[in-house]
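Colleague: Same order as they appear, the protein sequences are chains A and P. In terms of the numbering used here, the first sequence has 134 at position 134, counting the first letter as 1, and numbering is strictly consecutive. In terms of the numbering used here, the second sequence has 1241 at position 241, counting the first letter as 1, and numbering is strictly consecutive.
Please note that the accuracy of each hint is not assured.
[Stated by the list, open to error] Pulled a few chain A residues facing chain P out of the computed Cβ check, cut under 10 Å:
{"no.": "1", "residue": "76"}
{"no.": "2", "residue": "124"}
{"no.": "3", "residue": "182"}
{"no.": "4", "residue": "206"}
{"no.": "5", "residue": "220"}
{"no.": "6", "residue": "221"}
{"no.": "7", "residue": "225"}
{"no.": "8", "residue": "227"}
{"no.": "9", "residue": "229"}
{"no.": "10", "residue": "303"}
{"no.": "11", "residue": "304"}
Worth flagging that the hints you see were computed from the coordinates, not collected in a lab. No residue lacks a Cβ here, since even glycine has one placed at the ideal position from N, Cα and C.
2 protein chains.
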Amino acid sequence: MSLLVVGSIALDTVKTPIAEHADLLGGSASYAAVSASFFTAVNLVGVVGDDFPQGHIDYFASRKVDLAGLQKAKGKTFRWSGEYHWDLNTRDTRSVELNVFEHFTPTHAPGYAAPPDVRRAHMAPALQHHVLDQMEKPRFVIADTMDLWINIAKPELLSLLKRVDMLILNDGEARQLTAMTSLIKAGRAIQALGPRYVAVKKGEHGCLLFAPEGFFSCGAYPLEDIHDPTGAGDTFAGGLAGYLASLDLGAVTFDQLRQAVVYGSVMASFNVEAFSLERLRTLTPVQIAERYTTFKLMSQFEALSQAA
Amino acid sequence: MSLLVVGSIALDTVKTPIAEHADLLGGSASYAAVSASFFTAVNLVGVVGDDFPQGHIDYFASRKVDLAGLQKAKGKTFRWSGEYHWDLNTRDTRSVELNVFEHFTPTHAPGYAAPPDVRRAHMAPALQHHVLDQMEKPRFVIADTMDLWINIAKPELLSLLKRVDMLILNDGEARQLTAMTSLIKAGRAIQALGPRYVAVKKGEHGCLLFAPEGFFSCGAYPLEDIHDPTGAGDTFAGGLAGYLASLDLGAVTFDQLRQAVVYGSVMASFNVEAFSLERLRTLTPVQIAERYTTFKLMSQFEALSQAA
Chain A
1 MSLLVVGSIA LDTVKTPIAE HADLLGGSAS YAAVSASFFT AVNLVGVVGD DFPQGHIDYF
61 ASRKVDLAGL QKAKGKTFRW SGEYHWDLNT RDTRSVELNV FEHFTPTHAP GYAAPPDVRR
121 AHMAPALQHH VLDQMEKPRF VIADTMDLWI NIAKPELLSL LKRVDMLILN DGEARQLTAM
181 TSLIKAGRAI QALGPRYVAV KKGEHGCLLF APEGFFSCGA YPLEDIHDPT GAGDTFAGGL
241 AGYLASLDLG AVTFDQLRQA VVYGSVMASF NVEAFSLERL RTLTPVQIAE RYTTFKLMSQ
301 FEALSQAA
Chain P
1001 MSLLVVGSIA LDTVKTPIAE HADLLGGSAS YAAVSASFFT AVNLVGVVGD DFPQGHIDYF
1061 ASRKVDLAGL QKAKGKTFRW SGEYHWDLNT RDTRSVELNV FEHFTPTHAP GYAAPPDVRR
1121 AHMAPALQHH VLDQMEKPRF VIADTMDLWI NIAKPELLSL LKRVDMLILN DGEARQLTAM
1181 TSLIKAGRAI QALGPRYVAV KKGEHGCLLF APEGFFSCGA YPLEDIHDPT GAGDTFAGGL
1241 AGYLASLDLG AVTFDQLRQA VVYGSVMASF NVEAFSLERL RTLTPVQIAE RYTTFKLMSQ
1301 FEALSQAA
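Make the full structure from the sequences, and use the hints.
Modeller: Laid out in structure tokens, this is it:
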């Protein structure tokens, strides 16, 4: 089963307290597609300008990412620049230039009309509707959102939620969307808006998964040194969606969803070890499997051996 | 094996966005002792004034808490008053009256000279040294700290850390003590100061356990309604220490420590469901066992079923 990833492809300039790098491969769809490519076949739909380095396209191709849906437009590629604060938990956006992304209309390559998994990243809800309108019975649809759309496009976002199987968002967005301080209440409230599954990302504190079948709490990998948090959420979503798409099954089970959340967390933990997608370039399936096992070890404990 | 709990016994006035209650049973040793009493025999060392209600003493006795070390002094009991903000994650201290606690010198009842487990809560490091000086070979010593002692008594705190097996503190205190933003780095740095084991409490995000044998991440129970967070950390520490003391063994193992962290988390999750120690008054061993099992279910996932 293939995964359709639709979203932004960007050139990023990122400053951390340690270093600054310009014109890095970035964008939510780039991170998600490469992360997912470790698990499944990926079709990437996005747009780049005529300044986009051929080397990045070659890298996507080397990851077996299908680029039939990659549009090349006249003009400059979407650019984002951000600066992280000393604790790397917060950041300021220094500049955003939408460039060719401003007039991007996602159009699927003909071969994509079959029902793949879909994952749409950081696009305006109206565009996300447009993507879904073109699909015939996608098997499992994952959306994420960002604070901007909650502020300026809430009605479209709410109608979108009725069309998706899973929403991925961070803790601040969950509170903003529901006006609830308890993440537990917020997660359940978002489920009531449509998605069967809700994943609430908590950065250094891991992730909560809300499902009709139950609740899952996944810790974060204990990294001592984080070099660049950019793309962590997108790498998480890509790993999660990629693992689900790799399962050649009808309905997705809660057990599989929990494994998918762990795979997403594993991929995000690698991604923040270096700038841009650099760490993913050298990542191996054996390293992924080893870190998955570490996640298992660090979160397990014995069942009751005696009555309390 | 019995557990010695030394610390404050207070009458609290607590205001939340929902309600306000005055003259509640409080104090770190009260919470820790009652929480531990669900697992083991407890000796409580503390001081109360002549205004301390007999009903509270009767309640300790009903929990089989040994009160031979409870001093009654002329004057008023230690009083604390606090107000929680709307999200219940932060609070302001409105007033603190040390009263009889100001001149408290912990003295063990003669029967306590045997080597029990020790747990000292929120006392000045000098007093904690004094307690340890009176002990003959305690089996396992747990200390906690608070931001105040990091600010005003850091040298005594640092020398104390060399005498304890485990330090329990919250995320803010861990960062303050080490001047490190990464909780992972902070936890490891605190281990290097003395304690073999360090538990970093993260409130709604659970708890991290650092051990020589490895790392354990424990999620928080998904409570939808929190009524009063007061005493959550002390109830956590009491449950953890009480479970360890209930194990009639020589050395404490990493497996047991992880279970103890889960038991502590279970006890804290109950405690915040009502003001003061009200929820613990009706709590049953069966409810504790059920919630322990829920913790296990919400944090487990399947091992790798295929290569990534």
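Colleague: Would the hint on residue 221(A) be counted as holding, given a Cβ-Cβ threshold of 10 Å to chain P?
Modeller: 9 Å, holds
Colleague: Under 10 Å, Cβ to Cβ, is where residue 229(A) needs to be relative to chain P, so tell me if that hint holds or is violated.
Modeller: Where the cut-off is 10 Å and the nearest Cβ of chain P is about 12 Å from residue 229(A), the hint is violated.
Colleague: Please check whether residue 76(A) passes as an interface residue: C-beta within 10 Å of a C-beta belonging to chain P.
Modeller: Violated. Min distance 36 Å.
Colleague: So, residue 220(A) near chain P? Judge it on the closest CB pair being under 10 Å.
Modeller: Since the shortest Cβ distance to chain P is 7 Å, the answer is holds.
Colleague: Holds or violated: is there a CB of chain P closer than 10 Å to the CB of residue 303(A)?
Modeller: 6 Å, holds
Colleague: So, residue 304(A) near chain P? Judge it on the closest CB pair being under 10 Å.
Modeller: Since chain P brings a Cβ to about 6 Å from residue 304(A), closer than 10 Å, the hint holds.
Colleague: For the hint on residue 124(A), does the least C-beta distance to chain P fall short of 10 Å?
Modeller: With Cβ-Cβ at 30 Å, over 10 Å, it is violated.
Colleague: Hint residue 206(A) vs chain P: min CB-CB distance below 10 Å?
Modeller: OK, holds: residue 206(A) within 10 Å of chain P, min 7 Å.
Colleague: Would the hint on residue 182(A) stand, with a C-beta cut-off of 10 Å toward chain P?
Modeller: Because about 6 Å separates residue 182(A) from the closest Cβ in chain P, which is inside the 10 Å limit, the hint holds.
Colleague: How about residue 227(A): closest beta carbon in chain P under 10 Å, or not?
Modeller: With a minimum Cβ separation of about 12 Å from chain P (threshold 10 Å), the hint on residue 227(A) is violated.
Colleague: Against chain P, is residue 225(A) within 10 Å by beta-carbon distance?
Modeller: 8 Å, holds
Violation of the numbered hints given earlier is confined to hints 1, 2, 8 and 9; the remaining hints are satisfied by the structure.
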